[in-house]
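2 protein chains.
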Amino acid sequence: MFEGPLQDAIDEFSRLPGVGPKSAQRIAFHLLQAEPEDLERLTGALSRLQKGVRYCRICHNVSSEEVCRICADSTRDPSLVCVVEESKDIQVIERTGEYDGRYHVLGGALDPLNGIGPKELNVTALVQRIGGRVDDVVAADGTVAEPPEITEVIIATDPNTEGEATAAYLGRLLKEFPGLTVSRLASGIPMGGDLEFVDELTLSRAFEGRTAIR
Amino acid sequence: MFEGPLQDAIDEFSRLPGVGPKSAQRIAFHLLQAEPEDLERLTGALSRLQKGVRYCRICHNVSSEEVCRICADSTRDPSLVCVVEESKDIQVIERTGEYDGRYHVLGGALDPLNGIGPKELNVTALVQRIGGRVDDVVAADGTVAEPPEITEVIIATDPNTEGEATAAYLGRLLKEFPGLTVSRLASGIPMGGDLEFVDELTLSRAFEGRTAIR
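As given, the protein sequences belong to chains G and X, one line each in that order. For the first sequence, position 3 matches number 3 in the UniProt record's numbering, and the numbering has no gaps at all. For the second sequence, position 80 matches number 80 in the UniProt record's numbering, and the numbering has no gaps at all.
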């Protein structure tokens with residue numbers, strides 16, 4: 001409908017997830033009339049995005065340094081590792097304020113039909129961490145912290161086919177470490193939900209995982 | 001929550017209209033994992049946006065050439081000019097397929113409290129067009145078309161305080177052209193609506209503008 005650079009920008013915004021044609025148009029017009037500095041700041045942030053983002057050497061979380069803030073935080077329990085599919089899952093868990101261990105980002109879930117096997121995920125790196133060969137943190141004064149002993153791995157992959165398969169696979173794989181506890185986040189009815197609207201699979205999981213209240 | 005370039009990109013997307021923090025995060029992660037060419041195409045479109053967009057010399061619509069496609073289209077009626085606030089309003093009117101005249105983009109509406117007076121809008125340019133001093137179109141073969149005589153100006157500013165004030169102002173201003181018809185889009189109950197949910201002002205406008213059906 002529009003011409004030249006404006007239509008190009010609208011087309012590009014329409015390709016982003018969750019942005020429909022109307023929103024794309026609104027954003028493009030907004031930026032057309034924005035202060036040039038504001039537009040430059042956005043363009044600059046995008047140019048730096050892929051080249052500037054690094055991944056933590058220990059947990060593979062997105063990071064601006066070699067070791068991410070969570071792994072570098074000495075107040076957190078290094079013996080606990082929570083395995084997630086993506087970096088964004090970390091944020092959701094952090095928001096609960098319930099967990100003070102570290103993380104391990106797989107970079108996805110097993111999905112053989114789409115060519116995602118264990119080699120496409122950060123699985124070897126997880127095994128090496130548990131084997132005590134990765135987690136050394138070099139402090140600012142040059143001292144190297146000993147890799148901590150990991151006593152529990154909490155698998156927090158998504159509760160869908162791929163995530164369940166990944167959890168089962170990791171459960172089998174980590175049997176080679178006899179002293180290690182491997183756990184999975186509980187499945188069950190969501191808090192604040194209505195029993196009437198809970199699907200059968202979730203409800204049967206809630207029965208399996210029922211806990212004694214006295 | 002995130003670090004470095006990723007958080008910068010999330011922050012920048014959050015500033016765009018209609019993009020909340022969750023969507024901004026989703027877009028940033030999408031682009032982080034996108035093909036580098038896709039990200040470069042978006043960055044490129046944004047860099048060209050403000051510098052590359054031109055405004056039609058005749059109607060001030062956004063354009064990639066000196067004269068926009070609508071003004072350059074010789075099949076359209078040059079004696080009709082529809083006055084809109086913004087370029088995006090043109091798209092809405094074009095979609096009806098009802099109008100085959102030209103447009104004039106004011107670039108906003110009168111809003112004295114925010115310092116928008118007639119000088120901040122393309123009002124002088126409208127008066128010059130009607131006076132026959134702007135609409136000459138130079139064809140590809142170098143021939144110059146005579147500026148057409150404009151016989152009707154349809155004011156299609158938004159039906160809110162600023163748009164109504166702008167319409168009233170233009171109505172007074174254009175009295176200096178005695179042969180010119182100046183009209184305003186009809187206000188009334190929207191089609192497909194329910195009378196019960198129509199506000200009082202719209203309903204009273206619908207009474208004022210009632211039309212005979214036989």
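It is worth saying that the hints were derived from the structure and are not from the lab. Where is the CB? At the ideal position from N, CA and C, for every residue including glycine. Watch out, some of these pointers could steer you wrong.
Stated by the list, open to error - In silico contact screen, one side only, chain X against chain G (beta carbon under 7 Å); selected entries:
hint	residue
1	E3
2	E12
3	L16
4	S23
5	A24
6	L31
7	T43
8	L46
9	G52
10	S63
11	V67
Stated by the list, open to error - Listed next, with one range per pair, are the computed distances between beta-carbon atoms:
hint	chain 1	residue 1	chain 2	residue 2	range
12	G	R76	X	G20	25 to 31 Å
13	G	L173	X	E37	42 to 48 Å
14	G	G20	X	D73	44 to 50 Å
15	X	S204	G	H30	22 to 28 Å
16	X	A168	G	T96	54 to 60 Å
Structure-based check of all given hints:
no. : hint                         : result
1   : E3                           : 4 Å, holds
2   : E12                          : 4 Å, holds
3   : L16                          : 5 Å, holds
4   : S23                          : 5 Å, holds
5   : A24                          : 10 Å, violated
6   : L31                          : 6 Å, holds
7   : T43                          : 5 Å, holds
8   : L46                          : 5 Å, holds
9   : G52                          : 3 Å, holds
10  : S63                          : 6 Å, holds
11  : V67                          : 11 Å, violated
12  : G:R76 <-> X:G20: 25 to 31 Å  : 30 Å, holds
13  : G:L173 <-> X:E37: 42 to 48 Å : 36 Å, violated
14  : G:G20 <-> X:D73: 44 to 50 Å  : 29 Å, violated
15  : X:S204 <-> G:H30: 22 to 28 Å : 34 Å, violated
16  : X:A168 <-> G:T96: 54 to 60 Å : 57 Å, holds
Hints 5, 11, 13, 14 and 15 from the earlier list are contradicted by this structure; the remaining hints agree with it.
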